[in-house]
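Colleague: Sequence:
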Amino acid sequence: MSTNGHYETAAADKVSLAQKFVYGLGALTNNLLGAAIGSMLIVLNLGLGMNPALVGLLASLPRLTDAITDPLMGYISDHTKSRWGRRRPYIFCGAIASAIIFTLLWQLPTDQSETFLFWFFLLGSIIFYLAYTMYATPWVALGYELTPDYHERTRVMAVQNFMGQFAWLIAPWFLWFMQSDMFFEDMIEGASWLALLIGLFTITVGILPAIFLRERFGKEAEAKAEIKSNKKDDAEEFPASIGNFVKGFITTIKFKPFLYLCVATFLVFNGFMLVASFQTYVIIYYVFGGDQSLGAEYAGWSGTVSAIATFCVIFLISKVSTIVGKRRAFFIGTGISIIGFGLKWFCYTPEQPLLLLIPPVLIAFGLGGLFTIMPSMVADVCDMDELETSQRREGMFGSIYWWVVKLGMALALAAGGFLLNATGFDVDLGGQQSTDTIFLMRIFDVVIPMITSAIAIWMITKYPITESLAHDVREKLELKRGKSVPIDDDYSERDASLVTS
715 MSTNGHYETA AADKVSLAQK FVYGLGALTN NLLGAAIGSM LIVLNLGLGM
765 NPALVGLLAS LPRLTDAITD PLMGYISDHT KSRWGRRRPY IFCGAIASAI
815 IFTLLWQLPT DQSETFLFWF FLLGSIIFYL AYTMYATPWV ALGYELTPDY
865 HERTRVMAVQ NFMGQFAWLI APWFLWFMQS DMFFEDMIEG ASWLALLIGL
915 FTITVGILPA IFLRERFGKE AEAKAEIKSN KKDDAEEFPA SIGNFVKGFI
965 TTIKFKPFLY LCVATFLVFN GFMLVASFQT YVIIYYVFGG DQSLGAEYAG
1015 WSGTVSAIAT FCVIFLISKV STIVGKRRAF FIGTGISIIG FGLKWFCYTP
1065 EQPLLLLIPP VLIAFGLGGL FTIMPSMVAD VCDMDELETS QRREGMFGSI
1115 YWWVVKLGMA LALAAGGFLL NATGFDVDLG GQQSTDTIFL MRIFDVVIPM
1165 ITSAIAIWMI TKYPITESLA HDVREKLELK RGKSVPIDDD YSERDASLVT
1215 S
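So in the numbering used here, spot 362 of the sequence shown is number 1076, and the numbers just go up one at a time.
Treat the hints with caution; some may be incorrect.
Said to hold, decoys possible - The calculated BS3-like cross-link candidates involving lysine-lysine, where the alpha carbons are at most 27 Å apart (straight line), are:
#, residue 1, residue 2
1, Lys1190, Lys961
2, Lys1194, Lys961
3, Lys970, Lys1190
4, Lys970, Lys1120
5, Lys1176, Lys1120
6, Lys1033, Lys1176
7, Lys968, Lys1176
8, Lys1176, Lys961
The set of hints was computed from the structure by calculation and includes no laboratory data.
Given the sequences, and given the hints that come with them, work out the whole structure.
Modeller: Here it is, written out as structure tokens:
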């Protein structure tokens, strides 16, 4: 052990910067597709005049299929045996399929009825999300197996989280592009061209992880496939029965360390999302007395500051994690974000509106740290699960984890409207909202994410995988396999020895 009590990352365990960059391109592609379809939905209302309620349904209904398709795709990926590996064929084909379907989806017929457009877009969206799942779920799983090292996993996730954030910087400009008079006759034409550009980007960039990255357990899976091919019950292997899928799903969601991560993520992320809209309302109606133009400008600057802070936080939290461990890094990052939420009460003030740019810097520690540390911790969970079940199930774990995030986001966005109504807010009153309404908006905006984040910290205190335990699990797995991982030729044998002071 070193003086800091940490294990050194062996040279063979390190993922090169080029490999991290390529994996990060997958994050950029993944986030860009997700951000695009959400940001472009406004075209259905502003460009085609579709009822906003129907647009809302189109935003939510297709995602309900994720409850089935995400875990199913994860299971399929985990149990695929091919010369190209378990993940890479789906990443490659999924990028191409999702790009083509996304492009076609936005070639909107303008001479059809609202009912036709609704069903056209609903069915097209469901097909798109199937292709999107084919890409995203194996890509997530691939990241969990790029390295077996406790700290290197966090570094990999830091790079992919950093690169994925660029999608959220680009997305706010989509509306400006689509409605630009310089380029297009109307928003519909703008949307069709934007979809084409995003589709081309997805094909050319999204396939790169499938081409340049290698799967750590690829050849091990092939060896198992050869052995099992001689067994009489080989027909039961793949495609697996529904019973095997259900059994694997239940085993995954019952694994306590994984549940702690899911619940903590749900609380931190969706506590933030639940009151995300309140920030804008508080800025407009409390700080600026109902001035929507000025309030929107400052809200925009707040978002920009938050994005910049998140970029910085990602690598800062990654460094802290290597010093104090993942759990403590989560406690620190989430704790700082709680302070940021609390500062809203004092910094959102009509007397000094510029102070509202301070809380986003601290709040960024919560979300920036969350999606850097948590995926790394899920990878550790996959190792412990393999020790207990003798199965590698990164696909199943990754799909359920991110489905929990998406489900929580949908519930949070829906519940946010009810919370706003509970404050007594009336848009017709403009800047003349009652004192009680302003007070409740401010309370919800501050207190709810503070409470959910505090509960998340308590939940992670129960999470059992420390650096030492993760190292012990790895040693037992390598002994159980009879060789050091990784398996593929691109990686050498390794001995994760301790650093002596």
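Colleague: Please go over all the hints and tell whether each is borne out by the structure.
Modeller: Quick rundown of the hints versus the structure:
no.: 1; hint: Lys1190 - Lys961; verdict: holds, 25 Å
no.: 2; hint: Lys1194 - Lys961; verdict: holds, 24 Å
no.: 3; hint: Lys970 - Lys1190; verdict: holds, 20 Å
no.: 4; hint: Lys970 - Lys1120; verdict: holds, 21 Å
no.: 5; hint: Lys1176 - Lys1120; verdict: holds, 24 Å
no.: 6; hint: Lys1033 - Lys1176; verdict: holds, 23 Å
no.: 7; hint: Lys968 - Lys1176; verdict: holds, 15 Å
no.: 8; hint: Lys1176 - Lys961; verdict: holds, 25 Å
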